[in-house]
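Note that the protein sequences, when read in sequence, are chains A and B. Read in order, the letters of the first sequence correspond to residues 0 to 265 in numbering that gives the first Met the number 0. Read in order, the letters of the second sequence correspond to residues 0 to 110 in numbering that gives the first Met the number 0.
Because the hints were derived from the structure by calculation, they are not lab data. Certain hints may be false.
Selected chain A positions facing chain B (in silico; Cβ < 8 Å) [said to hold, decoys possible]:
1) 24
2) 26
3) 31
4) 52
5) 56
6) 94
Chain B is faced by these chain A residues, among others (derived, beta-carbon under 10 Å) [said to hold, decoys possible]:
7) 27
8) 50
9) 53
Backbone N, C-alpha and C fix where the C-beta goes; we use that ideal spot for every residue, glycine too.
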Amino acid sequence: MRQTEPPSAATWILEHLTPGPRNEALAGDLLEELRCGRSVGWYWRQALAAVAIGCFVEIVNHRFVLLFAALWSMMVPGWSLYAFRMEAHGDLIGRIWRIDWPWSTICDLGLSLGMSLVFIWTGLLLFLVPHMGITRGFNLRRIWQALLQCAPPFIAVSALLYIVMLLPVHMESASSTHALRAPMDGVWVRNYVGGGWWGRFIPNLRMDTEATIEHPIDTRALTPLERIMDIRVWANVTRLPYFLSMLYALWGVTSLSENRRRRIAA
Amino acid sequence: MTERSYLGEFELMILLAVIHLGEEAYGVPISRELEKHRGRDVSVGSVYAALERLENKGLVSSDLGDPTPERGGKAKRYFRVTKAGLGQMQATRRVLNKLWRGLPELKEERT
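The following block holds chain A by itself, in its conformation from the complex (with noise of 0.2 Å):
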């Protein structure tokens, strides 16, 4: 007897993985056409083929939107640097040191994640201003949307990069009785680590982790420009949370289906 129920699993990954309006009226279709005689491999297939088909024209829509980010966050190197002389000038750094704990911490924490989010948020208004003006949609709310969105996702990723690949660094080589003590000023693993706050939030992960990459560099005679040129795996770690806050933010705003049920609107 031929089976005229959905694979439960199919039709979830329907519904949920497939992008856009349309997931209703697909699954739908592909529900009467099963009852119809079509085999539960074709039911799958199907299914498969609308995530697959889904998200590849989800990605060829934003594919200005993922440009733009990947672009954008090549620029981390370089602007961290800019943001650590900004810093430094005026002995920011020292003078919140001298705070008491623990607000020495969180000014410190506060600091970095400003300068991050101002790095993050110049990125995206550049990017949706003028294209708001090209599609003939600038909507101020969305804009703010945007620059509330990113925070959160930059955060996590930040906070998730620091638990999955430097805890275990900082433990490695504060258990080695080998800890190395590279020469370094700081500037790489702030440049390296995270936007730089961790480095700072505990002891010495500064240069333990100096010490367990297997090719350090002296940053210090690096110029902004090769810093942006730096594509090696450190480097892009050090991108990602703010390629991912940025396709975040940029992504829903960005989307077709809402430019679309907005003309509709309209």
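Fit chain B to the given chain A structure using the hints.
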């Protein structure tokens, strides 16, 4: 604003299928119509992707029908070709006809 662009092969087939089907143009019949004429399986997802692209260009419009029990309570999405869609189809047809007319030898060779 009129954007001058010609339809792709699959888009043109879909628009023709929608016109053929008239009031009954939703995902399943459109896919069946394409399968019947092309002689091979069509992904319903690709049909919806193309229809959505055409809708974004203003060449088709869609409405949701009433949910039915045989579809698990899910509504059908009916499509129809807009005036702009018909214009685009005619323009594509004219170009294709001109191009075909310019290939009499090829036609003879193939028959």
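To see whether the hints hold, each was checked on the structure:
1. 24: holds, 4 Å
2. 26: This hint holds: residue 26(A) lies near chain B, its Cβ roughly 6 Å from the closest one there, short of 8 Å.
3. 31: holds, 5 Å
4. 52: At 4 Å from the nearest chain B Cβ, residue 52(A) passes the 8 Å test, so the hint holds.
5. 56: Cβ of residue 56(A) sits 5 Å from chain B, so the hint holds.
6. 94: For residue 94(A), the interface hint is violated, since the closest Cβ of chain B sits about 54 Å away, which is over 8 Å.
7. 27: Holds, because the Cβ-Cβ distance from residue 27(A) to chain B comes to roughly 3 Å (cut-off 10 Å).
8. 50: holds, 8 Å
9. 53: holds, 7 Å
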